[in-house]
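Position 258 of the sequence shown, counting from 1, maps to 258 under the numbering used here, and the rest follow consecutively.
Note that these hints are calculated values from the structure, not bench results. Careful: at least some of the hints might be erroneous.
Said to hold, decoys possible - Here are the simulated lysine-lysine pairs, PhoX-like style, with alpha carbons at most 25 angstroms apart: (1) K456 - K506; (2) K306 - K486; (3) K180 - K506.
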Amino acid sequence: MTDSTYQYEPLPDDFIRLLHLIPGENEDPVTVQLVSVPLGEAPSFEALSYVWGDRLNTTEIECGQRPFSIRTNLRDALYHLRHPTEIKLLWADAICINQEDDAERSRQVRLMGLIYWTADRVIVWLGMDDDACPASEMFSLIRDVSELASKQLTEQLESGNAMPEVSLEELSQYDVERWKKFGTFVETHNWFYRGWVIQELGLAADAWLICGKEKLAFEDYLPFVRWIVNQGVLLCRTFRISMRPQYLATDYWLSTKMSLEYGDAPFQKMSFLEVLGETRSAVCSDSRDYVYAFLGHPSAFEAYPKDPTPYRNYTDNFFSTDRKPIVEPDYGKMAEQVYADVARNLMKHYGNLDVLSYVSHTHETIQDKYPSWAPRWNVECPLVPLSIGSYYSTSANSAPVFSFQEEELHILGMEFDVVDWVGHVPEDFSDGLVGEIVTVDDILENRLDALWNTYKFRLWQRHGASKRPDREAFLYTLTAGLIGYKPAEDHVAEFRANVAAFELQKINSLNTRTTRWRADPQRIEDLGRESKGGDASRFLIDVQQMAEYRSLFITKSGRIGLVNRVTEVGDRCCILSGGKTPYILRRVAKDKYKLVAEAYIHGVMRGEAFREGDMGNIVLI
Numbered sequence: 001m002t003d004s005t006y007q008y009e010p011l012p013d014d015f016i017r018l019l020h021l022i023p024g025e026n027e028d029p030v031t032v033q034l035v036s037v038p039l040g041e042a043p044s045f046e047a048l049s050y051v052w053g054d055r056l057n058t059t060e061i062e063c064g065q066r067p068f069s070i071r072t073n074l075r076d077a078l079y080h081l082r083h084p085t086e087i088k089l090l091w092a093d094a095i096c097i098n099q100e101d102d103a104e105r106s107r108q109v110r111l112m113g114l115i116y117w118t119a120d121r122v123i124v125w126l127g128m129d130d131d132a133c134p135a136s137e138m139f140s141l142i143r144d145v146s147e148l149a150s151k152q153l154t155e156q157l158e159s160g161n162a163m164p165e166v167s168l169e170e171l172s173q174y175d176v177e178r179w180k181k182f183g184t185f186v187e188t189h190n191w192f193y194r195g196w197v198i199q200e201l202g203l204a205a206d207a208w209l210i211c212g213k214e215k216l217a218f219e220d221y222l223p224f225v226r227w228i229v230n231q232g233v234l235l236c237r238t239f240r241i242s243m244r245p246q247y248l249a250t251d252y253w254l255s256t257k258m259s260l261e262y263g264d265a266p267f268q269k270m271s272f273l274e275v276l277g278e279t280r281s282a283v284c285s286d287s288r289d290y291v292y293a294f295l296g297h298p299s300a301f302e303a304y305p306k307d308p309t310p311y312r313n314y315t316d317n318f319f320s321t322d323r324k325p326i327v328e329p330d331y332g333k334m335a336e337q338v339y340a341d342v343a344r345n346l347m348k349h350y351g352n353l354d355v356l357s358y359v360s361h362t363h364e365t366i367q368d369k370y371p372s373w374a375p376r377w378n379v380e381c382p383l384v385p386l387s388i389g390s391y392y393s394t395s396a397n398s399a400p401v402f403s404f405q406e407e408e409l410h411i412l413g414m415e416f417d418v419v420d421w422v423g424h425v426p427e428d429f430s431d432g433l434v435g436e437i438v439t440v441d442d443i444l445e446n447r448l449d450a451l452w453n454t455y456k457f458r459l460w461q462r463h464g465a466s467k468r469p470d471r472e473a474f475l476y477t478l479t480a481g482l483i484g485y486k487p488a489e490d491h492v493a494e495f496r497a498n499v500a501a502f503e504l505q506k507i508n509s510l511n512t513r514t515t516r517w518r519a520d521p522q523r524i525e526d527l528g529r530e531s532k533g534g535d536a537s538r539f540l541i542d543v544q545q546m547a548e549y550r551s552l553f554i555t556k557s558g559r560i561g562l563v564n565r566v567t568e569v570g571d572r573c574c575i576l577s578g579g580k581t582p583y584i585l586r587r588v589a590k591d592k593y594k595l596v597a598e599a600y601i602h603g604v605m606r607g608e609a610f611r612e613g614d615m616g617n618i619v620l621i
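Whenever a hint applies, use it, and build me the whole structure from the sequences.
Listed below in structure tokens is the structure:
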């Protein structure tokens with residue numbers, strides 16, 4: 001091996017480099033060769049999905065008889081994957097793309113979806129095994145859950161009933177230590193959070209997950225992911241397990257690979273806006289990749305909303321001159337420019353304001369110089385967009401009227417109220433609703449009642465006896481007026497039964513855990529009657545999804561609402577033409593505002609505050 005480091009040759013358009021992994025065993029050095037081939041004529045190869053790892057933790061391998069520096073995690077993968085006697089053909093981005101050439105990097109990122117689509121198999125390298133959370137035990141848990149999911153699915157198909165969700169009553173039946181260990185396993189293996197793996201796994205013809213010497217088939221992994229996110233919501237929240245990026249990977253797979261065999265249903269598929277929203281909890285080392293890493297999703301190539309063609313003819317997305325992604329990868333642009341471009345293009349593409357529902361500022365981003373109306377996809381946002389409540393129509397089904405002038409968004413809108421008080425909903429709010437009881441103080445501190453009492457006091461402070469607090473409006477607000485994804489106000493009896501069932505569950509839990517506190521027997525009897533047919537878990541999940549990480553607020557007119565925590569006293573409550581929800585704007589000059597966030601404001605979500613004659617030009621900067 002010579003002393004000079006490896007130098008890349010220029011790569012023609014629509015070519016890729018394949019990594020030839022030279023045979024070796026035991027302590028033989030890792031040796032590779034790079035060969036350029038047209039992607040459309042590439043021989044059979046496997047594509048790696050892995051975490052790059054610490055940029056300071058590097059080692060050298062041999063590439064084309066020259067030293068080549070790579071990060072240790074990739075070297076470990078190559079060491080474990082090589083065959084003792086045969087050359088293996090692989091594709092790994094850190095080696096196969098010249099990372100120092102922005103132009104090549106942009107072109108190759110444009111092809112990434114097709115590369116993983118074309119590969120015979122995707123090899124997921126999770127990293128080395130760990131005695132504290134052995135992969136054998138974790139993969140065993142995944143297989144057990146997949147078996148349960150398959151059984152429940154069969155029963156669902158036979159009975160026509162929905163698959164059951166894990167309930168509050170059933171939580172105690174799960175092996176706490178086993179699930180805690182799995183939560184640690186996910187947390188300590190960064191692959192589960194990496195943004196690029198969503199596309200890499202989601203476009204795979206076949207896949208294996210490998211951790212050290214342990215292997216897990218994709219066919220065992222997929223049912224587990226679908227079950228844990230859909231049926232195991234309380235498990236995820238109880239044991240702090242985040243599988244949303246993995247869920248989206250399986251959605252990729254179902255939207256592309258499965259649609260080829262079972263037909264197309266574009267109305268069931270995610271929009272590119274939803275893809276970006278779902279991936280905010282993923283991790284990308286380059287802020288631009290919070291958009292670029294997902295351009296392989298078929299929805300990025302739609303000619304019009306719900307266009308089925310990108311799904312039916314997936315490879316044409318990359319070679320047809322008629323198909324362009326929502327934005328082209330360009331590593332010469334700053335991340336904030338990319339975010340503004342994609343927001344502008346999405347609003348024009350869908351012809352609505354839905355992208356504004358994904359704006360969720362921090363105290364830093366609301367003050368910077370970049371367009372406030374463009375979601376910062378690199379800022380993790382645990383908030384569920386309120387626009388999922390499809391019944392919302394704050395602007396009374398008016399048509400969106402907007403235009404762009406450089407970095408400004410000009411839009412038809414109106415102010416209708418002003419924020420007068422803001423109080424955070426504690427991040428551990430739901431822990432106090434169902435958490436372990438340690439002392440009598442924990443018993444007496446009913447966080448739901450504590451928040452209710454705070455709201456009552458703040459309302460009285462501002463309005464005295466002229467505004468009477470409405471507990472039902474308060475509870476509606478904590479759930480953003482929803483039962484799951486349907487309007488609570490259209491199902492009042494069900495909503496009240498869910499609340500009563502939750503309160504009864506809490507009281508019964510207190511009674512069984514301590515002898516120092518007993519509920520009023522009459523109260524228990526009343527709740528028992530009111531909770532008939534109620535679902536305590538449903539109310540808890542609705543509060544968790546909508547209220548946690550948000551703030552409760554009161555307006556000058558006495559309305560109650562739920563909003564992003566960056567909201568301040570004096571911010572304006574506004575209706576924008578075509579908007580499903582109200583928006584909180586911060587005035588910075590006459591008719592010029594920054595968009596703070598969307599909001600739920602009780603009593604205005606169905607157009608009650610909309611006045612067409614008051615609509616005028618609003619400029620968002």
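Going through the hints against the structure:
1. With a C-alpha separation of about 22 angstroms, the suggested pair K456 and K506 falls inside the 25 angstroms cut-off, and the hint holds.
2. For the proposed pair K306 and K486, the alpha carbon gap of about 23 angstroms is at most 25 angstroms, so the pair holds.
3. Pair hint K180 plus K506 holds up; C-alpha atoms about 24 angstroms apart against a cutoff of 25 angstroms.
Violated hints: none; the structure is consistent with every hint.
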